[in-house]
Amino acid sequence: MRLGVRQCAAGALLVAALVLYSPTLGAQGDNDSFSTALSALRDASFLDKEAIVGRLAESGHPSTRAVLSALVEDRLYVRTADSQVFIVKSTDEALAAWELVDPVSLSDRGSAPRDELTKIGTNNRLRRLLKTTLARFELASPDPSVRLAAVREVLRSLDDATVAVLRERVGTEPDSRVKDEIETGLGLAALDGSDSAARLAAIAVLARRTRLEVRNRLAAMLERSADGVYAESDPQIRAAAAAAVRSIDRRRTVYSALEVVFFGLSVGSVLVLVGTGLAITFGVMGVINMAHGELMMLGAYTVYVAQTLMPGHIALSVFLAIPAAFLVAGTAGVILERSVIRFLYGRPLETLLATFGVSLILQQTVRSVFSANNRSVETPSWMSGTLQLGDALSITLNRFYIILFTLIVFAILLVILKRTRLGLDIRAVAQNRGMAQAMGVRTERVDALTFGLGSGIAGLAGVALSQFTNVGPNLGQSYIIDSFMVVVFGGVGSLWGTLVGGLSMGVVNQILEPYVGAVLAKISVLVALIVFIQRWPRGLFPQTGRAAESH
Amino acid sequence: MPFGRPLLPAMRQDRGGAVLLAGLVALSVLVPLLNLAVPPGSPWHLSTYWLTLLGKYLCFGMLALALDLIWGYAGILSLGHAAFFSLGGYAMGMYLMRQIGTRGVYGDPVLPDFMVFLNWHSLPWFWTGFNHFWFALPMMALAPGGLAFVFGWFAFRSRVTGVYLSIITQALSYALMLAFFRNDMGFGGNNGFTDFKDILGWDLHADRTRVALFVVTAVALAVSYLVCRAVVDSRAGRVLRAIRDAESRVRFLGYRVESYKLWVFVGSSVIAGLAGALYVPQVGIINPSEFAPINSIEAVIWVAVGGRGTLIGAVAGAVLVNYAKTYFTGALPEVWLYALGALFIGVTLFLPRGFMGLVPGTARLIPADGPRGAGRPIRSELGVSAEGKAK
Amino acid sequence: MNLKRLVLAGWLLAAVAGLSLLSVVTFAQDTIKVGVLHSLSGTMAISETTLKDTVLMMVDAQNKKGGLLGKKLEAVVVDPASDWPLFAEKARELLEKNKVAVVFGCWTSVSRKSVLPVFEKDNGLLFYPVQYEGEESSKNVIYTGAAPNQQAIPAVDYLMKEVSVKRWVLEGTDYVYPRTTNKILEAYLKQKGVTDADISINYTPFGYADWQARVAAIKRFGSAGKKTAVVSTINGDANVPFYKELGNQKVSAEDIPVVAFSVGEEELSGLDTKPLVGHLAAWNYFMSINTPANKTFIDQWHAYIKNAKRTSNDPMEAHYIGFNLWVKAVQKAGSTDVEKVLAALPGLEVPNLTGGTAKLLANHHITKPVYIGEVKADGQFDIVWKTSGTVPGDAWSDYLPGSKDIEADWVTLKCGNYNKKTKVCSGQNYK
Amino acid sequence: MSGPPPELLGGKALTLTNLTVSFDGFKALDGLTLTVEPGELRCIIGPNGAGKTTMMDVITGRTRPMSGTARFGPAIDLLTLSEPEIVDVGIGRKFQKPTVFEQLTVFENLELSLWGDKSFWRSLTTRLRSSQRDYVDDILAVIGLASQRETLAGTLAHGQKQWLEIGMLLMQEPELLLVDEPVAGMTPQETDRTAELLTSLKAEHTLIVVEHDMDFVRSIARRVTVLHEGRVLAEGDMSQVQNDPRVIDVYLGA
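Chains as they are written, first to last, in the working numbering: chain A, -4 to 546; chain B, 6 to 396; chain C, 6 to 436; chain D, 243 to 496.
So that you can see chain A by itself, here it is in the shape it has in the complex (with noise of 0.2 Å):
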């Protein structure tokens, strides 16, 4: 079985940690050949340095685990002044001196300026060598989730030795959880052994868990070589094999099917949040909102700006942008509407022109200011990663949050709409402006007001799309066709309309993307759009009765 120059470091090391671990020898490291070790470390080459990290755990010293982590999660370092090497508490940008801790006592030995300190760096290689390594040690760890998450590291290399650990803590282990992980590295390595026995119920025991490792390890047997030999001689076994490969593909598919309506829910929300704003500048005022996307632009920009005059709180920084995005695009789209488009009522094809002649300006602003290149945005930690729904299904952080702040951002555009004044107004004005005047509305401040209104839920789609696409000139051009499609497709003027249309074009987008590609997805998403019109000339929620008889 594959065993690379990694595997045998492992190997080893895990002696080590059985050495380390197992209570009846309390090994005495020796500090002095360790802190040795440690010093080698400090100018070595990576190949060195992977030797210098074996012999750091075998030495059995009580902080190597300490000094091993420290060196995975980047805060080892030697101090320029005496190149000394130093345990860093917290590498927190913010601070200006970092505390240091002796790394073979463990003892605090106060602090340095960032600028006294350089790092020792790992690469790829190194780090799964250190997460491997440090996984052993964990095994014992009194805290069941990083057992698991210990296990979960250890199945991932697979040899004799690992096997050797896993079989001794199967009987110890309390937490069902791991217990059942353990038992599927158990299962996977009992594969490739002879009795068959075992190995049957090896594959029983498989047969119950969903991983697509599992899966695939199991499927590898069935394979035939090109001259039709199976990868698995015992027919009695591949019988079984199969049984528990199509068991577990049953299972899958619910999931696959559940990760799709996901993915397209995604997409959708997405499309939603770009459309929305537009729903209200387009759909309901009538102007052609070229601009629309350089709003969105804004938007995503004062993320970027927050980010940069707050360094260190990304999570706050990120939430204040919501509200300053709102204002900030908002005051633009007022802006816009008091200075150009309320001179174009009645004429909205000609809104058209004018607001593409701010697009353009908009763009070119960014570029003078920000400079052509993309900005970085930063995605707050409590965003990034997943949400494990079972074996199977993992559900994307920020995906997730970004579906949940469509539908906010939606709900709470319905109540300014359908309770309070504002809303009234609005929508008084655009059933019959002169009506409204007549009854004391002063339509042009509505007018601005729902135009800002307008504008600023395109900012906020703005900080959406900063966290997981480009935040750069070019934002606003890539999103303003999807936001018409959106719009049309749900009808002109009807809010649910843009729900409804954005998050089914979302999910049909994803249902297809796998068997005809990106590409053809979306092209038959738009095909798709133009048959509904031509069907449904006024979109999916038109508006009926009279009012609808344009002549």
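No wet-lab data here; the hints were simulated from the structure. Don't be surprised by glycine CBs; every beta carbon is placed ideally from N, CA and C. Do not rely on the hints blindly, as some may be mistaken.
If you want the footprint, here are the derived chain B segments under chain A, 3+ residues with CB under 8 Å [to be verified]:
| # | segment |
| --- | --- |
| 1 | 49 to 57 |
| 2 | 158 to 172 |
| 3 | 177 to 189 |
With the hints as your guide, set chains B, C and D onto chain A.
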């Protein structure tokens, strides 16, 4: 001239047209002279750079003309005309690619280079025939025309109007753009067609050929102008304007509105296609970004800047805006977008009828605001509701 | 009405003023004109603006050294606005209207293809600084970027030998560079005994943002028990969402490393590097390479751009090399005449920024070292591998059936695509 | 060909039976039954929302009823015909708010309304024959706009637009004319002029006039039908209708 046409405007219109035609004639005489006869040294020499540029402007002029015919007179705002333009261009491009023959970098007698290094083994079926000009030429009109017919037949029959129509035309050209970007389509993907050698046996890089192409373009523009003029001056033209102003009223007069819209749409798309076909050999490349919706929008803007519903205004606008673009991208590369943006805003705010609005008398010919005339509810024009922002 | 007249008058005035301004520009005193043909607006501005500044910096420096042949250099900057036909038009403007001696420009292949006929017709000289798909060698173009054998193939070698990768995902944006590169890599991998089952090729459109499904698929492909790597030819804008998605779906560089050919320091400065740490890039230059030459260059750059945070990247080095090659050739030829310069160029050597020298070969490509770097949290790269010595750029890949018999040689054969089998020199635009 | 085909000149009655139309729940017509004899001038009155306009929409094929029949003469079932086809069988309609083609001249407005082949290709080449031009001029005289021949319709006064539109109807020589609130917003003089115009027409046309202005109705109408909530409330000559108690409390009383 049909009877009963108001005479004074007729005079005016003809004067405008006369100016345009005279200009085109002058160009097609002067340009060859200045480019070929005058020695490169002299200040009067017209460089190939300007020659190509003028040729390009005229092509865009044709595109604008086509757009004005349906937008200015029938009130159909197409945001997909770039698609027809590009289809014409691709038809010409396919012909030019086949003309390269063994002079391609791989020296393959049949396959264009991009097919060779993506190791295709034979020409896709839809390439057959394009090595003959007599086949390619009609395709330059039929490809866009056919698409327009199918699309229009459905759209107008099901009475898709206003912004809904605009957006699905946009969707159409967007979809086509994505499709042509795919290398599997057999149209050279993102790189499209380029490095053309010659057309009808004449070397495309020789000034003589370029001059010839320019003159052909000028003539094509003149002819398409006369055709459009004839259409809008016929009773059909008046019906179209009537449709623009009050569509359902025209139905009650017993006209089959959809067929009027359809045919003028097809005609317009054919003109656009031919413009594209003439554009490609002059600029020397055609690739999918020509389909980009933004291009359609720009074309609409040329018409608006010039003044819609006047035909000459459209041509003037196209030339004006594109000259501005050429000039600014060269002179103020850092800030030219400001200038262009300002131009668009300025025109909409101060010249609602475009620059033609400044020409005394023509203003009256131009629909005041939007296809349904001044003060009509904004949203009804969007095809949404009769109520709304009525004054 | 008066207002209208006023406005119109305003416009006219502006136009006139502008035109006269232009004429002033064009009738300047006797200088050597250096054309800069990089998009300053539109989608490509992101990458190309930096290159414009680089050339301006080099011109500036050269003038401080007293110019060239006793004349000052004058940069002529135009904006082709990421619009491919406009590239051809602007190239013509530079060559015919401004009569520039040399042009530094283009980024995308299509823009190069678009200007190629113009340069060959007007016999201009273009220095093209970006890694590209090869399959081209023009008399009038000097390719200072990497050909596939100077970037893609070494990168794959590294993954095979050092990381012992067995399973390959070739993920690219659907245009010529990825298509060709992947064709070459596919042929190369198969030659190395990789089976079809272990290669997955996929293309996505430009600016693709919804990577979730694709990344999920890559994860599945990678869970087959063999070490898997992604070779990414994903184009600029689509990268950020791609890496963010990798991060979100917890695909770490230790499990499935991604080696990219178009993600450099410039791109990294535009995105949150957390999810990228450990992923790889293959270039011929890295900002983090510690040589005196590189240090001086970076300092010069920071001083010129007045921003100590700005990064340098591979195409900038290419322009650095290209510019110096041109200067050297002009000095050797004693003239800026294109024919003379082209004659002088082949064989010239100038130092690159990584401690070696770049030699211009007869096929108008240069020799380059290849480095593999691992992304660090600070947006810089750890060099984890480099080729011993430099690799000569190969215009015509040996791994493509169409081109394996073709070679380019502008010294003896005087031909950019000479078929060794049929002994024919095809596709030449110049009689 | 000028003028409708002979078989249409026979004179046909319009019969509506049990027409029901509803817009999302609201019943605009509710089992409307009504007959108009050839050559008659029938006035339809009724409060807003009584279904007057909807009735016209049904007759002209613009709205399709949920149930009921609409026949023109014994042979023609209007519900099966498209809008243009209905025009062809000789039914013309004048809208409530005048819709003339503002960007065309008065003459052009009438020209477009001429009988004849209205296909696109035909109208590309067709020219006015002198007989047709005379006919247009006759109509111009009838509606009293001869002097405005070349003016843009958009610049006409309100009343003139109304007449022009009636003129456009006459151009098609319809057998049945539907006229929707012809004198709304007219000056007294214009109103009288319109009254004359309509009465002068009723000889060879059947007219259905919807109007609010009682004096005007009194001045032209023989028979009056009162609609209410989509049904016929009363029918008869003006005096009968006026004295009908039901009418008084739903309409005249109000």
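Hint check results:
1. A stretch counts as covered by a chain when three or more of its residues have a beta carbon under 8 Å from one of that chain; for the segment 49 to 57 of chain B and chain A the count is 0, and the coverage is violated.
2. With a threshold of 8 Å between beta carbons, the proposed coverage of the segment 158 to 172 of chain B by chain A holds, since 10 of its residues qualify and at least three are required.
3. Check result for the segment 177 to 189 of chain B against chain A: holds, 7 residues qualifying (beta carbon to beta carbon below 8 Å, three or more required).
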